[in-house]
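S.K.: Spelled out, the chains give:
There are 2 protein chains.
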Amino acid sequence: MSADMLRGDAVRTQARSGLLTGPTCGLAPGYLQANLVIVPRDLAFEFLLFCQRNPKPCPILDVLDPGTWQPRVVAKDADIRTDLPRYRVYERGVLVEEPSDIVRRWRDDLVTFLLGCSFSFEAAMQRAALPVRHIEEGRNVPMYRTNIGCTPAHPFAGPLVVTMRPLTPSQAIEAAVITSRFPQAHGSPVHFGDPQAIGIADLTRPDFGEAVTVRAGEVPVFWACGVTPQAVVMEAKPEIAITHSPGCMFVTDRLAGQ
Amino acid sequence: MSADMLRGDAVRTQARSGLLTGPTCGLAPGYLQANLVIVPRDLAFEFLLFCQRNPKPCPILDVLDPGTWQPRVVAKDADIRTDLPRYRVYERGVLVEEPSDIVRRWRDDLVTFLLGCSFSFEAAMQRAALPVRHIEEGRNVPMYRTNIGCTPAHPFAGPLVVTMRPLTPSQAIEAAVITSRFPQAHGSPVHFGDPQAIGIADLTRPDFGEAVTVRAGEVPVFWACGVTPQAVVMEAKPEIAITHSPGCMFVTDRLAGQ
Chain Y
1 MSADMLRGDA VRTQARSGLL TGPTCGLAPG YLQANLVIVP RDLAFEFLLF
51 CQRNPKPCPI LDVLDPGTWQ PRVVAKDADI RTDLPRYRVY ERGVLVEEPS
101 DIVRRWRDDL VTFLLGCSFS FEAAMQRAAL PVRHIEEGRN VPMYRTNIGC
151 TPAHPFAGPL VVTMRPLTPS QAIEAAVITS RFPQAHGSPV HFGDPQAIGI
201 ADLTRPDFGE AVTVRAGEVP VFWACGVTPQ AVVMEAKPEI AITHSPGCMF
251 VTDRLAGQ
Chain Z
1 MSADMLRGDA VRTQARSGLL TGPTCGLAPG YLQANLVIVP RDLAFEFLLF
51 CQRNPKPCPI LDVLDPGTWQ PRVVAKDADI RTDLPRYRVY ERGVLVEEPS
101 DIVRRWRDDL VTFLLGCSFS FEAAMQRAAL PVRHIEEGRN VPMYRTNIGC
151 TPAHPFAGPL VVTMRPLTPS QAIEAAVITS RFPQAHGSPV HFGDPQAIGI
201 ADLTRPDFGE AVTVRAGEVP VFWACGVTPQ AVVMEAKPEI AITHSPGCMF
251 VTDRLAGQ
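As you go down the protein sequences, you meet chains Y and Z in turn. So the first sequence is numbered by the numbering used here: it starts at 1 and just counts up by one. So the second sequence is numbered by the numbering used here: it starts at 1 and just counts up by one.
Worth flagging that the hints you see were computed from the coordinates, not collected in a lab. A few of these clues could be false.
To be verified - Derived DSBU-like pairs: lysine-lysine, alpha-carbon spacing no greater than 35 Å straight-line: (1) LYS76(Z) to LYS56(Z); (2) LYS56(Z) to LYS237(Z); (3) LYS56(Y) to LYS76(Z); (4) LYS237(Y) to LYS76(Z); (5) LYS56(Y) to LYS56(Z); (6) LYS237(Z) to LYS76(Y); (7) LYS56(Z) to LYS76(Y); (8) LYS237(Z) to LYS237(Y).
Unchecked claim - Computed, partial: chain Y to chain Z, Cβ under 10 Å: (9) PHE47; (10) GLN52; (11) ARG72.
Heads up, the beta-carbon is just placed ideally off N, CA and C, and yes, glycines get one too.
Please model the complete structure; the sequences and the hints are all you need to start from.
M.R.: Structure representation (structure tokens):
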């Protein structure tokens with residue numbers, strides 16, 4: 001990676017100028033990255049309530065005032081409308097556009113939610129010499145729909161989506177302890193072992209992302225995933241909703257673990 | 001205290017039947033007690049945002065769906081309209097009534113917030129043999145307006161209100177560690193020592209509650225207080241707002257520290 005991608009603000013500047021339009025995984029190492037969800041104000045209470053009731057899949061980093069595009073807390077001088085590499089715009093649950101900025105789409109009643117992302121705890125796992133298989137194999141993390149229901153906040157409801165990382169039992173225990181220190185990045189795992197116990201039929205066929213190798217002596221370990229709130233928002237079919245494009249996160253100025 | 005006041009549900013039953021119309025301090029020891037704030041749905045997003053931005057004065061125990069009076073999480077079979085000993089009803093910021101139930105006042109658009117209360121961490125301080133002066137002296141805890149501004153969520157804004165407990169330096173350190181384990185009951189202190197550093201002119205004249213003795217060798221230690229969100233709601237002058245009457249909290253089924 002070039003030296004100009006080492007800090008959160010540098011990555012945002014590259015995204016703003018249109019030079020960066022792809023995934024942020026591995027950029028600005030150590031900086032908290034965030035899932036983006038934007039909904040109209042008339043659904044903002046219910047969506048904030050959904051996040052508050054489901055903190056593992058929806059750890060709140062910041063919520064902006066209606067109509068505001070400048071984060072107050074996690075990133076100075078940022079513009080939520082331009083500083084992500086790519087966005088997804090949904091109308092009544094249907095993906096209509098995948099632009100590199102949303103300036104044209106902005107409205108005074110839009111409310112921006114920045115939610116934690118697992119990239120942060122993966123860096124901590126790597127520092128502890130724990131394997132992060134999808135990074136080793138150069139793939140997107142495998143994600144699965146489970147049969148674990150989120151606590152609903154009408155009209156927001158749906159199943160928990162999880163990510164999976166294969167680990168040996170002793171590594172899994174260490175990973176549980178380490179990731180528990182990152183409640184703003186989904187925290188400790190929600191399950192390990194038998195995938196069917198949480199409604200996953202086949203580990204080799206993830207619902208999102210790509211399958212990774214589970215080696216002999218390893219068990220699959222599952223963490224709550226930031227795709228959960230996105231799936232739940234799409235399912236509620238709001239008039240308009242905007243998210244980041246998969247893997248193209250908002251990079252903050254905040255160091256993970258702060 | 002009679003044996004029938006040892007559990008959260010027993011206290012709620014007494015309040016519901018009208019037998020208990022006074023403070024809940026000391027009742028159902030070990031059970032989490034909650035501040036009550038009820039606002040109309042059209043302000044619920046902004047108030048939830050205020051709580052999320054100011055977790056020390058406003059630790060969220062539960063937020064009910066609009067129109068719902070049964071807590072989902074913290075108390076089984078409870079009725080928020082009857083199970084507190086006494087309520088305060090405000091219209092456009094003016095106290096208009098202090099009834100023992102709010103059945104008559106209920107509306108389908110009212111949203112109930114249950115916020116943590118310092119009673120829980122005081123029990124933990126007492127178990128650690130730390131003095132809780134206002135309990136020793138049989139008074140209400142002294143509360144003060146500070147010059148520390150809360151992070152606003154328009155139209156909700158205002159100063160942090162704090163409680164004060166006098167402790168020796170070594171006790172203050174122990175109390176900081178102990179109360180940090182109760183983030184749902186305001187957590188660790190926000191200040192100790194010089195009251196003027198946070199805008200308190202005279203410790204002997206609290207803005208709410210009663211003054212307590214500060215002994216030689218003790219320093220005042222200040223914690224965020226649940227009166228903060230109430231003051232902020234009154235200041236915003238909503239069409240209607242309902243809170244508990246001072247000291248007459250909602251007693252949950254949840255043990256403190258869980």
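S.K.: Next step is simple, just say for each hint if it's right about the structure.
M.R.: Against the structure, the hints come out as follows:
1. At most 35 Å may separate the alpha-carbon atoms for a hinted pair to count; LYS76(Z) and LYS56(Z) meet this at roughly 26 Å.
2. This hinted pair checks out: LYS56(Z) and LYS237(Z) have alpha carbons roughly 23 Å apart, not beyond 35 Å.
3. Under the criterion of a C-alpha separation no larger than 35 Å, the hint pairing LYS56(Y) with LYS76(Z) is consistent with the structure, at around 24 Å.
4. Between LYS237(Y) and LYS76(Z) the CA atoms are separated by roughly 33 Å; this keeps the pair inside 35 Å, and the hint holds.
5. Proximity of LYS56(Y) to LYS56(Z) is assessed by CA-CA distance (about 20 Å); at most 35 Å being required, the pair is judged to hold.
6. Using a Cα cut-off of 35 Å, the hinted pair LYS237(Z) and LYS76(Y) holds, with the two alpha carbons roughly 33 Å apart.
7. Taken as a hint, the LYS56(Z) and LYS76(Y) pair is honoured in the structure, with Cα atoms around 24 Å apart against an allowance of 35 Å.
8. Under the criterion of a C-alpha separation no larger than 35 Å, the hint pairing LYS237(Z) with LYS237(Y) is consistent with the structure, at around 34 Å.
9. Given the 10 Å rule on beta carbons, the hint for PHE47(Y) holds: about 9 Å separates it from the nearest Cβ of chain Z.
10. Because the beta carbon of GLN52(Y) sits about 6 Å from the nearest beta carbon in chain Z, less than 10 Å, this interface hint is met.
11. The beta carbon of ARG72(Y) is positioned within 10 Å of a beta carbon in chain Z (closest approach about 8 Å), and the interface hint is therefore held.
Hint violations for this structure: none, all hints satisfied.
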